Amino acid sequence: AQSVSQHNHHVILSEAASLELGCNYSYGGTVNLFWYVQYPGQHLQLLLKYFSGDPLVKGIKGFEAEFIKSKFSFNLRKPSVQWSDTAEYFCAVSNNNDMRFGAGTRLTVKP
Amino acid sequence: NAGVTQTPKFQVLKTGQSMTLQCAQDMNHEYMSWYRQDPGMGLRLIHYSVGAGITDQGEVPNGYNVSRSTTEDFPLRLLSAAPSQTSVYFCASSYGLADTQYFGPGTRLTVL
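Protein sequence lines correspond, in order, to chains A and B.
If you're matching positions, the first sequence starts at 1 in the numbering used here and goes up one per residue.
If you're matching positions, the second sequence starts at 1001 in the numbering used here and goes up one per residue.
Chain A with its partners taken away, still in its complex shape (with noise of 0.2 Å):
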């Protein structure tokens, strides 16, 4: 069964810091990837995706992430955090038979 692995749980930044929060996947097929975001009290919602094409994906509000094949890699960037990016963040890898989430980081901002 494929994983997904986050490295970093817990993400404490102060405002205009950058960003990078790593996430893995162990499956070796084709995959489709997924940041999803919570923001306190709120559902998730998808932050960004790959599906094939361009590796480097934007999502909304300045979120980036880089698709690294020969790393089984997905990380994902943002060049200056807000007070308001204060949320939890879960990396998702799908095929066509399997959905695994992430453990999740939670990044906290700093004003």
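Hints are computed from structural coordinates only; laboratory data are not their basis.
None of these values were measured; they are calculated from a predicted model.
A hint or two may mislead.
Unchecked claim - Quick list of in silico lysine to aspartate or glutamate cross-link-like pairs, DMTMM-like style, CA-CA up to 20 Å:
#1 Lys58(A) to Asp1099(B)
#2 Lys49(A) to Asp98(A)
#3 Lys49(A) to Glu1072(B)
Since the structure of chain A is provided, determine the placement of chain B on it from the hints.
What follows is chain B alone, placed relative to chain A:
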């Protein structure tokens, strides 16, 4: 468009009780799924359905039943609640398993 709705938002059960968590979507999605979210473990797939009348097990199906009589509704039944089922439950829908999931607001369940 209400999207994905779930009821109730909160529920407290005693061990051994049964209950049904409701989920409905109005986006005409064929695929619906139930996840549980536990601290440090992310979301884990309980059951899913690829269309009315078709359901299958996910990663953690034990203790839960589902049915899909219509495209819109996908209830999750706890047959005999156990403290290990204390969790936040999310329903989601999508065009397919590999596609973007649209999540409901969640149900926080506590089993005493």
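Tested hints:
no.	hint	verdict
1	Lys58(A) to Asp1099(B)	17 Å, holds
2	Lys49(A) to Asp98(A)	16 Å, holds
3	Lys49(A) to Glu1072(B)	25 Å, violated
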